[in-house]
Amino acid sequence: MRKSWWKILGLVMVASAIVAGLLGPVPVLPILHETIRNVYFHVPMWFTMITLYLVSVIYSIKYLSSGKTSHDLVAVEAVNTGIVFCAMGLLTGMLWANITWGEPWPNDPQLNGSAIATLMYLAYLVLRNALEEEQKRAKISAVYNIFAFPVMVVLLYILPKMTDSLHPGSGGNGTFRDLDMNSQMRPIFYTSVMGWILIGVWIFTLRYRLRILENRKNQLD
Amino acid sequence: MNTLQQIKTLVYKDIVLEWRSKYAINGILLYVVSTVFVCYQAFKSVDTFVWNALFWIILLFASINAISRSFVQESPHRQLYYHTLVSPRAVILSKIIYNSLVMLVLSIIAYAVYAVTFKQPIGDPLLFTCAVLLGSISFASVFTMISGISAKAGNNSTLMAVLGFPVIIPLLIVLIKLSNNALTGLDRGISSGELVVLLAINVITITISLLLFPYLWRD
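Protein chains in written order, with UniProt numbering: chain A, 1 to 221; chain B, 1 to 219.
The shape of chain A in the complex, shown without the other chains (with noise of 0.2 Å):
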């Protein structure tokens, strides 16, 4: 129970934001309308993504530096959880957007960039099979997953900041948070980007637990 508190914070955080996010006032918006209520869902799962690849590439690093299997077994699992996390995070944006602009993929740097850094993860991961042997494996997808992760923040943070973007927060546009944010809707949503976040670290943790199982297991054949 002691070790557990945060798993149930972050599924009572989820709850109440699902129930607050359907159920709770908006304010009332031009295009948008009620769609609005994405927000709660759509943003916290880049906030996880994110989250998770900047964990993994912490493991590389400290990977690299003690040459511990499960350093590396920490970076491939959180890189694995967080593209669940983009894949999510980009189908409500695709409902999202197919409602607000006409269109499920309209041409927008920021949907680019989130597809070309996906990507690169699904990279990492091939590079991940075609290396046999463990630790030759754990060093140079290591060295890969620190490369890309700089090259990512560009994609993702940078140059859609500086082109015209239909996302909020780019191109000149406003933010959500001085635009279309009350504060009614605010508690909900950093409520849900916590939640989110807790119950991705959650997920990783059980995998990389998994993995760890597995190998003990392989070990002892």
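What the hints contain is simulated information worked out from the structure, not anything from laboratory work. It is possible that part of the hints are untrue.
[Claimed, not checked] Quick list of in silico lysine to any residue cross-link-like pairs, SDA-like style, CA-CA up to 25 Å:
#	chain 1	residue 1	chain 2	residue 2
1	A	136	B	210
2	A	62	B	218
3	B	152	A	161
4	A	136	B	158
5	A	161	B	128
6	B	152	A	66
7	A	136	B	128
[As the list claims (entries may be wrong)] Partial chain B-side listing against chain A, Cβ under 7 Å, derived:
#	residue
8	170
9	204
10	212
[Said to hold, decoys possible] Just a few of them, taken from the derived set where beta-carbon distance is under 10 Å, the chain B residues facing chain A:
#	residue
11	142
12	146
13	149
14	152
15	194
16	197
Quick caveat: nothing in here was measured; it's all calculated off a predicted structure. Think of the CB as a built atom: it goes at the ideal place given N, C-alpha and C, for glycine as much as any other residue.
Start from chain A and add chain B according to the hints.
Then chain B, alone, in the frame of chain A:
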């Protein structure tokens, strides 16, 4: 020998090796020229936007082909020999410098052939030269490290493309925009943001390559 001298010697060695065989560089040059001709036959005449995009795509594929062999052409035994002589940072820096030079020669020749076949006036030649120069260095710095990684992973060309493309795309987007500004002759103040981003990405990739290559090299 200090690092600077090591780098100089290694770059010199690469150039001499290339000059003796001339096989690889001639192959790549023919590759570029024939790609330009294929594009010329296919398009006949193009507008500025397509001209620009085609130019960078030709350079992208030429650079992948040119740089992918930078760590394979030398046998593992010779690499081991270098390991005893020089520091890994000197190796990666010399490779980046050598590949930048190759890319420069390539892009100048590509541009010459391209400009002869597709006539296209350039609004701001200095800025365009700047874009090509920065582009050569960017391709070299990113692909050198990627080719090091894929060489360790059995070096198949698919892996090189799969690993390299996502990393190069942000650079390519900025480069295409910058050279488009140069072609249409927009005011230089507009392009300053792109220049800063390009320089920043280059500095970051070269720094990270320097930090990571020692781990990659040591087996």
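Okay, the hints, checked on the actual structure:
1. A threshold of 25 Å between alpha carbons decides the hint, and for residue 136 of chain A with residue 210 of chain B the separation of about 19 Å falls inside it, so the pair holds.
2. The straight-line distance between the Cα atoms of residue 62 of chain A and residue 218 of chain B is roughly 17 Å, inside the 25 Å bound, and the hint therefore holds.
3. Pair hint residue 152 of chain B plus residue 161 of chain A does not hold up; C-alpha atoms about 36 Å apart against a cutoff of 25 Å.
4. Restraint check for residue 136 of chain A and residue 158 of chain B: satisfied, since their Cα atoms lie roughly 19 Å apart, inside the 25 Å limit.
5. Distance hint between residue 161 of chain A and residue 128 of chain B is fulfilled; the C-alpha atoms sit about 24 Å from each other, no more than 25 Å.
6. A C-alpha spacing of about 20 Å is found between residue 152 of chain B and residue 66 of chain A, which places the hinted pair at or below 25 Å, so the restraint holds.
7. Restraint check: the Cα-Cα separation between residue 136 of chain A and residue 128 of chain B comes to about 42 Å, which exceeds 25 Å; the hinted pair is violated.
8. The interface hint given for residue 170 of chain B is met, as the beta carbon of that residue sits about 5 Å from the closest beta carbon of chain A, less than 7 Å.
9. Using the Cβ-Cβ criterion of 7 Å, the hint placing residue 204 of chain B at the interface with chain A is satisfied: the shortest such distance is roughly 5 Å.
10. Using the Cβ-Cβ criterion of 7 Å, the hint placing residue 212 of chain B at the interface with chain A is satisfied: the shortest such distance is roughly 5 Å.
11. Checking residue 142 of chain B against chain A by beta carbon gives a least distance of about 8 Å; that is within 10 Å, so the hint holds.
12. Using the Cβ-Cβ criterion of 10 Å, the hint placing residue 146 of chain B at the interface with chain A is satisfied: the shortest such distance is roughly 8 Å.
13. The beta carbon of residue 149 of chain B comes within 5 Å of a beta carbon in chain A, closer than 10 Å, and the hint placing it at the interface holds.
14. Using the Cβ-Cβ criterion of 10 Å, the hint placing residue 152 of chain B at the interface with chain A is satisfied: the shortest such distance is roughly 5 Å.
15. With a least beta-carbon distance of about 8 Å to chain A, the hint placing residue 194 of chain B at the interface is held under the 10 Å criterion.
16. Hint status for residue 197 of chain B relative to chain A: holds, with the closest Cβ pair at about 7 Å, below 10 Å.
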